[in-house]
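Protein sequence lines, in the order shown, are assigned to chains V and G. Under my numbering, residues 1 to 489 are what the first sequence spells out, in order. Under my numbering, residues 1 to 489 are what the second sequence spells out, in order.
Everything labelled a hint here was simulated from the structure, so no lab data went into it. You may find that some hints are simply not true.
Stated by the list, open to error - When the alpha-carbon atoms are kept at most 25 Å apart in a straight line, the in silico DSS-like pairs for lysine-lysine are as follows: (1) LYS101/G with LYS101/V; (2) LYS313/G with LYS59/V; (3) LYS79/V with LYS338/G; (4) LYS101/G with LYS59/V; (5) LYS100/V with LYS100/G; (6) LYS222/V with LYS79/V.
What the hints assert, rightly or not - Okay, the calculated beta carbon distance ranges per label pair: (7) ASP129/G with GLU387/V: 15 to 25 Å; (8) ASP129/G with ASP13/V: 21 to 31 Å; (9) LEU395/G with ARG407/V: 56 to 66 Å.
What the hints assert, rightly or not - Interface residues of chain V toward chain G, partial, derived using beta-carbon atoms under 7 Å: (10) GLY86; (11) VAL93; (12) HIS96; (13) PRO131; (14) SER477.
C-beta: ideal position from N, C-alpha, C; glycine also.
Given next are the chains, with one letter for each unit.
Protein chains: 2
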Amino acid sequence: MADDKKLTKRSEDFSAWYNEVVLKAELADYSPVRGCMVIRPRGYGIWERMQHQLDTMFKETGHENAYFPLFIPESFMKKEAEHVEGFAPETAVVTHGGGKKLEEPLIVRPTSETIIYAMYAKWVQSYRDLPILINQWANVVRWEMRTRLFLRTLEFLWQEGHTAHATHEEAGEEARRMLGVYRDFMEGYMAMPVVTGVKTDAERFAGALQTYSCEAMMQDNKALQSGTSHDLGQNFAKAFDLRFQTEAGGIEFAWNTSWGVSTRLIGGLVMTHGDDNGLRVPPLLAPIEIVIVPIWRSEEDKGRVKAAAHLIKESLLSWERRIPGRLRVHVDDRDGIKPGAKYFEWELRGIPLRLEIGPRDLDQNQAILVRRDTGVKRAVSLSSVGEDAADLLHLIQETMLIDARERREHNSIRGGITYARFREVMEGDGGFVYAGWCGDAKCEAAIKEETKATIRVLPDEEFRSAEPPKTCLKCGSASIAEALWAKAY
Amino acid sequence: MADDKKLTKRSEDFSAWYNEVVLKAELADYSPVRGCMVIRPRGYGIWERMQHQLDTMFKETGHENAYFPLFIPESFMKKEAEHVEGFAPETAVVTHGGGKKLEEPLIVRPTSETIIYAMYAKWVQSYRDLPILINQWANVVRWEMRTRLFLRTLEFLWQEGHTAHATHEEAGEEARRMLGVYRDFMEGYMAMPVVTGVKTDAERFAGALQTYSCEAMMQDNKALQSGTSHDLGQNFAKAFDLRFQTEAGGIEFAWNTSWGVSTRLIGGLVMTHGDDNGLRVPPLLAPIEIVIVPIWRSEEDKGRVKAAAHLIKESLLSWERRIPGRLRVHVDDRDGIKPGAKYFEWELRGIPLRLEIGPRDLDQNQAILVRRDTGVKRAVSLSSVGEDAADLLHLIQETMLIDARERREHNSIRGGITYARFREVMEGDGGFVYAGWCGDAKCEAAIKEETKATIRVLPDEEFRSAEPPKTCLKCGSASIAEALWAKAY
């Protein structure tokens, strides 16, 4: 950060801006292994908060955690035809172990359906053993050729839920329930609004009956698929002989779901909320919510403002706020660095609230609170600083969601767009376009070919236009469903 | 569990008993991948509680979490001579990715010193960038030929701390501090007493100056190395050019430590506390602390005891105990399973406290609390059940540690043992033997060859005998240090 302090502006080069923010805010770094990144403590701290909240939500919906092997025998991957076709081209293969060539190569898991349903087949005999509701926090590897920090890396961290049910209805409800959990998390904690819906066949998970997805709009108007939930039907149950005795005494294959989100969410957070000064982290996910910067000119002042800064920290920590957990506060009292340089650094890192305290503030029993999201400053009395700070954090969290939603709506186009205009939009600023689709994969493929835009989802009812589109965006035939089109990460 | 309900007795075949407990208590299962296990929810729940507590202790001592790549370039492993010699024979090697042969094979990490210190070298310029105090929760792979559930598996879960310091003194203190954290955790939470000390050269970590270890005694009198902390000196700093500008303006290599514990701890928990009825889990690590079993004969009673069981659960949950967190309670009100069968199942799983409630108890406003550790029953009033249960859990936790410590001391031999007698002991019941050592690796090797016993540690002062041994157990020359000898896992 020493020489080249200024970030590239988002409007100049969004992609360069993104990489600079991730690196300079020390969220992650490139590693010596092609396509693999290091998640540094400031990035991992955000991931830990994400994990904690998601894990709580998974447990509240009845799931337990477990851990399955990293390695999958090659033969397992081949048992479900669509699945192997989808994943085989991007696998990492272990061919040697303990100095010897293996009889059967092992695949480093790109996802764990195969190994997990093979185990479920061992555990399930009767309907009494169902449902199985298990989640796994793990690393997975997909051999991507073009990688981007957080968004697409060879190895990434994620959670994968895998469930088995006695009926298709129950599995369908589960897949939908977890999509809802993801949405609640993304909106409630990440302040990142999403459009939910179902994927077309072209974009389905390899081996699923239906894939549901959360799609968020980044600041470059591209879509980020931020979480998916799959109704797997009986495809994997049949491939791995996952059968059970029904209550009536018959034998049936179980019904499965799987669902996952990954460290990609951190990339989504950056591209949803960052600005030209750096990152902006929603308070609920910020490892540090408030940074206190004491300001002094003379040595005499230095002692008393530093002492005051630490006293304020104690007072903030002892303040019992409404949401669980104490305020997360850091005092930056480093010597030899000017306050302006500290502000710059903490803004870059996206800490939601800065508290400045100088000798004159101290004399007036006040401090200055500065919001990272808006830059607005406010003087507050030291006697009510805990309450004021907590209120502001709450407000920042809400404001960030509202702002992001407004930005998305501002960059969404609905109703009667011509294909010519659509092409202009996709060549220009892009955005979310809601338009009709005839249901033919050929129209979908042609649009992708010509504009790089894809159907992100057939949106759920609440996201659909009041007036349903009548014709297909591409061919003009009757529309069978409204589709959300966008270029995507 | 249907047919073969009885466990093998520990006295008959400790090893068979161990496997049966792990499988039947559903802590883990064998997977279709040789040497890799599945950690099932009941086992993973214990690991989550271990992780949570250790993570808290790491953060309290100033560490942050981060994540480094799973894959390590083969050339990195070779940069530290001892390190590669120690780990190369047991690596899993990825030779193909994305359908192509790789130019340089990638090692699946057996431990992450090399990749982590390569990154630190990038991040550290000056003494101001030190210390770096980072921990990683991760999976690692070591290609073991003979595997045992939890104790030795190809893949296991662990944490690895990696720190960099400006002075050797500071690094030495860190290595010692983390050994202390491990000991506090193992004794305070696992109720598993350990002997701490330093390893001999033969047992040192490949690449370390000093390895410190926690050694616990299992119920078959063998030692389990349950956690290690390494003073790495400047070995890795030199291999990876991890240098910094000193305050005085010179350039020096940094000083490193690393330290780790793994899912092996779960095996240690089983072998420390299990009995012939199954597992016994210390309350602080038990995902369920209290299981409530309502008892009924008539349909009429069934309704009211089931209702009472759930009311008691609510009352237990609302009880604010002294240690943080609510009581963890489960009601087993399954129909069609007799109370005795339920008792059997929950004893096997090691739940610390069982609460029985029948119609007659209900009439008398009481319930029966049964301790898993001692089997002792006690009637308690329903008006004070929260306090009584919490007190008992506290007592169980303490009793388990005291019992384990007594067992260890009972099976430890100190002072003036002849080598002939030592061989008898090691051929018989085994145990911890404290005896003199001349410092010669040849004596150590000869004893290992003849008895399979090794020097577990040169124990720290508090574990040494009041009367220091004068001569070497093997050769009779002057002893330079008291050594703890035992057969080990």
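Cross-check of the supplied hints:
Proposed proximity of LYS101/G and LYS101/V is supported: the alpha carbons are some 15 Å apart, at most 25 Å. A distance of roughly 18 Å separates the Cα atoms of LYS313/G and LYS59/V; the hinted pair therefore holds under the 25 Å criterion. At most 25 Å may separate the alpha-carbon atoms for a hinted pair to count; LYS79/V and LYS338/G exceed this at roughly 41 Å. Taken as a hint, the LYS101/G and LYS59/V pair is broken in the structure, with Cα atoms around 42 Å apart against an allowance of 25 Å.
For a cut-off of 25 Å, the pair hint linking LYS100/V to LYS100/G stands: about 20 Å separates their Cα positions. A C-alpha spacing of about 35 Å is found between LYS222/V and LYS79/V, which places the hinted pair above 25 Å, so the restraint is violated. Distance hint check for ASP129/G and GLU387/V: the Cβ-Cβ separation is about 38 Å, which falls outside the suggested range of 15 to 25 Å. With their beta carbons about 30 Å apart, ASP129/G and ASP13/V fall inside the hinted range of 21 to 31 Å.
At roughly 59 Å, the beta-carbon separation of LEU395/G and ARG407/V lies within the given 56 to 66 Å, and the hint holds. Contact between GLY86/V and chain G, as hinted, is not supported at the beta carbon level, the nearest pair being about 14 Å apart and thus beyond 7 Å. Given the 7 Å rule on beta carbons, the hint for VAL93/V holds: about 4 Å separates it from the nearest Cβ of chain G. About 4 Å separates the beta-carbon of HIS96/V from the nearest beta-carbon of chain G, less than 7 Å, and the hint is met.
This hint is violated: PRO131/V has a C-beta 13 Å from the nearest C-beta of chain G, more than the 7 Å allowed. The beta carbon of SER477/V comes no nearer than 39 Å to any beta carbon in chain G, farther than 7 Å, and the hint placing it at the interface is violated.
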